[in-house]
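Line by line, the protein sequences give chains A and B.
Heads up: the first sequence at position 100 corresponds to 100 in my numbering, and the numbers run straight through without jumps.
Quick note: to get my numbering, add 1000 to the position in the second sequence (first position is 1).
Don't take every hint at face value.
Unchecked claim - Here are the computed lysine-lysine pairs in the BS3-like style, where the Cα-Cα straight-line distance is at most 25 Å:
#1 Lys-209(A) with Lys-1106(B)
#2 Lys-66(A) with Lys-94(A)
#3 Lys-1039(B) with Lys-150(A)
#4 Lys-1017(B) with Lys-86(A)
#5 Lys-1057(B) with Lys-150(A)
#6 Lys-220(A) with Lys-1074(B)
#7 Lys-1086(B) with Lys-212(A)
#8 Lys-139(A) with Lys-1415(B)
#9 Lys-1246(B) with Lys-1415(B)
#10 Lys-1399(B) with Lys-150(A)
#11 Lys-1053(B) with Lys-131(A)
#12 Lys-1057(B) with Lys-139(A)
#13 Lys-1086(B) with Lys-220(A)
#14 Lys-130(A) with Lys-1042(B)
#15 Lys-126(A) with Lys-1053(B)
#16 Lys-1017(B) with Lys-64(A)
#17 Lys-150(A) with Lys-1395(B)
#18 Lys-1072(B) with Lys-222(A)
#19 Lys-222(A) with Lys-1106(B)
#20 Lys-150(A) with Lys-1042(B)
#21 Lys-150(A) with Lys-1408(B)
#22 Lys-212(A) with Lys-1074(B)
#23 Lys-1106(B) with Lys-212(A)
#24 Lys-142(A) with Lys-1415(B)
#25 Lys-130(A) with Lys-1053(B)
#26 Lys-1097(B) with Lys-131(A)
#27 Lys-238(A) with Lys-1017(B)
#28 Lys-1256(B) with Lys-142(A)
#29 Lys-209(A) with Lys-1103(B)
#30 Lys-1415(B) with Lys-1256(B)
#31 Lys-1017(B) with Lys-116(A)
#32 Lys-1097(B) with Lys-1395(B)
#33 Lys-1408(B) with Lys-139(A)
#34 Lys-97(A) with Lys-1017(B)
#35 Lys-101(A) with Lys-1017(B)
#36 Lys-28(A) with Lys-1017(B)
Derived by calculation from the structure, the hints in this document are not laboratory data.
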Amino acid sequence: MVSLADSLGMQDYHTLYDDGVNAALKGKRPNPNQLLIGDNVQAPTAKGKPHPKAVDKTWKFAVKKKKPPKLRIVLVDGLGQALAGKAWKLTAPKAAKGTTKADGLIEVADLPFQDKNGALEVTWEKITPKKAAAPKDPKITKPTYPRPIKEADFTDDAPPALKPDDAVVHFALKLGSLPPASEDAGGRARLRNLGFPCTRESDAATTQKCVKTFQLVRLKQKTPSGALADVRNDLRDKHDNP
Amino acid sequence: MALNRTAYVARTAHDLKHVNRLNLPKCGVLKLFLVIGGKSSKSHLIPDAPPQKQEAKATDDFHFAPETEKPKIKYVLDDKAGAITKATLRLFHRNNKTAIWEKELKGDELTDGEHEIEWDGKITKGTDFPESYITVEHSPYKLKMVVEADAGAFKYSPAAWTYIHVLVHSIELEKGVKEALSRQLDKDLFDTYSVPAEKAKQEVRLVSNRYSKDMTDKGNGTSFTEYRDLWKSGSEEGPNIPIFAKLFIKDSADAKADVPKAIGRVRLLWDWRDSPEDLSIHFKEAKEYLTDTLNYDKKATHPKGDNCHKDRGGKRGDDTKPVFPARDDKVADAAALTAGKFPFKVDRCGTRKTSSYSETWRTGKLIGKTGVLFQPSHIAGDAYLVDAYFPHNRKPDGKDDLDTNDDKLLDHAIKKSTGAWEIWREIHVSQYLKKDASLPNLSFPTVATTLAKAYMKLEDKSGGAKSPMAGYDGKIRAHLAAEAAEKRLAVKAGDQGTITKGGIRYVARAAFVAALQAAKGSPAAATAWLTANGAATAAGYSNMLEAITDVVVVKTCDEYVTASDGVKVFHLEPYWSADGGLQSTTGGFASVDFPTLKAAADRKRAAYIHGVLTPPPSIKEIAAHEIGHTLFLPHAPGRAGGPAAAHDQVAHWKNCMMSYEFDREMKFCGLCLLRLRGWDHRVLNSNRSLNKK
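Extracted from the complex, chain A is given alone in its bound form:
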């Protein structure tokens, strides 16, 4: 709605969103920033406002500045707890950086109205790889049975060690692409943002698996249904609410 209003030359999205022609839409989409493709947004009838002024004289007109939207992201852990101390860097659509505080919030003002892609890098965890101590032959001070394990005797593939950038995450931000929570795509998108392995377009089975996990872990439900319809409001609350 914000970018639509901007593209129509409006200074404020309220001009568009609050106009009577969009009253039905407003009722259906209480969050003006979460529209769905196919939503019918109508431009209000142009109402030019006359400002009669004498000629051959200089007049000053004050035009209201446009009010651009913000980017508000809260970094959370798997249980929804805000994460403090996470270094972040936004490189698009504008540059910004910082470190989250206790509320986990990343807020960037004056977001360009029309840019649809952003790039956010978050250092989720600082990893300082620990060197695995070279396995030593256990010292036998007295005969024991069994003898101490000699790790070097086992030749199975060692698990990969963590590297410093393993916990650096590059978020490709799809700006203005979050459907309303009332829609299936909106539910899946929120699941995705909250870390569940689905996308806005995931199939029913994947969605059901993610919903079940959400119900088990986040809602502590013992008999999860897996039905997206059952968690729409929960997803909205746990994702959108400030």
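Using the hints provided, position chain B relative to the given structure of chain A.
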């Protein structure tokens, strides 16, 4: 590598507050361990993984009894977002990159939180695991869980592992099976023994009916070689005694569990020790002779001890004569045994040369067992303690550190010992004929006490005394026909089977002379004959009768000799007698001229004629003396006129059983005792002090 994620973000209008919450899904396995009965294994993670709290008393020594116990595999997954796509349990053993078992977790097994799976150690069947259970063979094992996750998730603890052991609790030794033997001697022996428990004793009685056939063999090495070769097979010497070992598993409570499927192919080291000989059973002089003679490199050999040394015909100190010979009949793991094939592979140790390793069967009829052919020396009086060891430290290649000459390095191993295996010879009295049923029976058990000092059992297999000797008169008169007509005049008329209980009855000398005069036609001619034949005096007459008897009675008795192995005893009391009270002074006669025995191709039978004298010597002494002759012993020096070198010094002990010294009870001298035991007397000195080393 950095992670990439797509986020669907709503812009927030200048006058609104809503947010977009973003989470980076983190996942991993936080713990993996086994637990049973309050015992648990230790969980291991990569160094970068967060610290974990181990279960109380968690250990890397965790063990259980596969198949019979069902510990729980417990694991903890951190996966709040369900990002884990796959988790797999894999089991490894040392020096093997490939998992021997794998289980992919499914469905609810993959969710966030704690999980447990019951597992009894069952794995995928394979060449090394034909019974599909983890075994001692490849213990220890590493059970490892590896997780895979969604590409955008942070897998901060990708793996966890824990160690499991399958341990041996104990070994039990048992008698092997007869099918494992190929030699009839060993099969016959098999039924006569059992495996002695620790501190107990088992006599191994080697039946050895091998007897002297002439006078020469009493002086040369025949007595040694005949007995040795009887129990020799190729280059191996001694009886074959199959001893099997059954291995038991240590369960989680350290108790004994019988799980043959959990053994696999492991090795036991078989070792032997010398059980010290008890010399207190001997009289003073014999004890002194034996003490010196047994004291030959007692501490220099491995194992040390007083068993017969290799230089004297035994096995002590000779690693070329193994006590646990190598075997590889390639029949391991079969469903049934093959007659005559030894079931277990046995390899002699490279360093500890008197010991051997044997392998267990992984499957088949003898699953979980192994064994050896215990091959002690044939020397009677030698005694062995057999030890089986299972090493604490099995290396990945299956080898261990028990193959060492340092006995202390064996102390730690799991060990099971037998009691003492004491080698005895056994000979038989296979026939006992009495000329007359009224003659008192000889007591062979009493005679046996004299031979028992040489670890020789004299068993009476005769079935008891038999009498009379049917057709005796006809047989002896047929043999008398070969004697000179004049000599035949000395033989009393009548049925020789009944007119005397002795070998033959003669007339009195006066009657003989009268008959001879009548036969020769004049006293002068008779006198000439008597003089020419050494019978002119009473003593000469007696000698003539003895000589006749030595021929005709021996030949007559020979006709009664049966085919059974052993000593034939002909009880004729007295040896001969004549009218007027004259009789033989021969108490017994182990003749080497029994025609049947002399002509035999083998030495399995001997015979002697038992007369009787007014003691001394006693009946026991007479019998032991004559049986001693059949066992290659020559007379002792002194009145019996035997070779001094074949006996203890006269100055030390003159009353050997093989002597004629009746001034006190006769007993086998120390040298005779060792000779009867199977020692090579040719390398023993009459002077006992020279036998020490």
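Tested hints:
no.: 1; hint: Lys-209(A) with Lys-1106(B); in the structure: 13 Å, holds
no.: 2; hint: Lys-66(A) with Lys-94(A); in the structure: 18 Å, holds
no.: 3; hint: Lys-1039(B) with Lys-150(A); in the structure: 21 Å, holds
no.: 4; hint: Lys-1017(B) with Lys-86(A); in the structure: 21 Å, holds
no.: 5; hint: Lys-1057(B) with Lys-150(A); in the structure: 20 Å, holds
no.: 6; hint: Lys-220(A) with Lys-1074(B); in the structure: 22 Å, holds
no.: 7; hint: Lys-1086(B) with Lys-212(A); in the structure: 17 Å, holds
no.: 8; hint: Lys-139(A) with Lys-1415(B); in the structure: 24 Å, holds
no.: 9; hint: Lys-1246(B) with Lys-1415(B); in the structure: 12 Å, holds
no.: 10; hint: Lys-1399(B) with Lys-150(A); in the structure: 16 Å, holds
no.: 11; hint: Lys-1053(B) with Lys-131(A); in the structure: 21 Å, holds
no.: 12; hint: Lys-1057(B) with Lys-139(A); in the structure: 21 Å, holds
no.: 13; hint: Lys-1086(B) with Lys-220(A); in the structure: 23 Å, holds
no.: 14; hint: Lys-130(A) with Lys-1042(B); in the structure: 21 Å, holds
no.: 15; hint: Lys-126(A) with Lys-1053(B); in the structure: 23 Å, holds
no.: 16; hint: Lys-1017(B) with Lys-64(A); in the structure: 22 Å, holds
no.: 17; hint: Lys-150(A) with Lys-1395(B); in the structure: 10 Å, holds
no.: 18; hint: Lys-1072(B) with Lys-222(A); in the structure: 24 Å, holds
no.: 19; hint: Lys-222(A) with Lys-1106(B); in the structure: 19 Å, holds
no.: 20; hint: Lys-150(A) with Lys-1042(B); in the structure: 14 Å, holds
no.: 21; hint: Lys-150(A) with Lys-1408(B); in the structure: 24 Å, holds
no.: 22; hint: Lys-212(A) with Lys-1074(B); in the structure: 23 Å, holds
no.: 23; hint: Lys-1106(B) with Lys-212(A); in the structure: 15 Å, holds
no.: 24; hint: Lys-142(A) with Lys-1415(B); in the structure: 17 Å, holds
no.: 25; hint: Lys-130(A) with Lys-1053(B); in the structure: 19 Å, holds
no.: 26; hint: Lys-1097(B) with Lys-131(A); in the structure: 23 Å, holds
no.: 27; hint: Lys-238(A) with Lys-1017(B); in the structure: 14 Å, holds
no.: 28; hint: Lys-1256(B) with Lys-142(A); in the structure: 24 Å, holds
no.: 29; hint: Lys-209(A) with Lys-1103(B); in the structure: 22 Å, holds
no.: 30; hint: Lys-1415(B) with Lys-1256(B); in the structure: 15 Å, holds
no.: 31; hint: Lys-1017(B) with Lys-116(A); in the structure: 20 Å, holds
no.: 32; hint: Lys-1097(B) with Lys-1395(B); in the structure: 16 Å, holds
no.: 33; hint: Lys-1408(B) with Lys-139(A); in the structure: 19 Å, holds
no.: 34; hint: Lys-97(A) with Lys-1017(B); in the structure: 20 Å, holds
no.: 35; hint: Lys-101(A) with Lys-1017(B); in the structure: 17 Å, holds
no.: 36; hint: Lys-28(A) with Lys-1017(B); in the structure: 19 Å, holds
Comparing the model with each numbered hint stated earlier shows that all of them hold.
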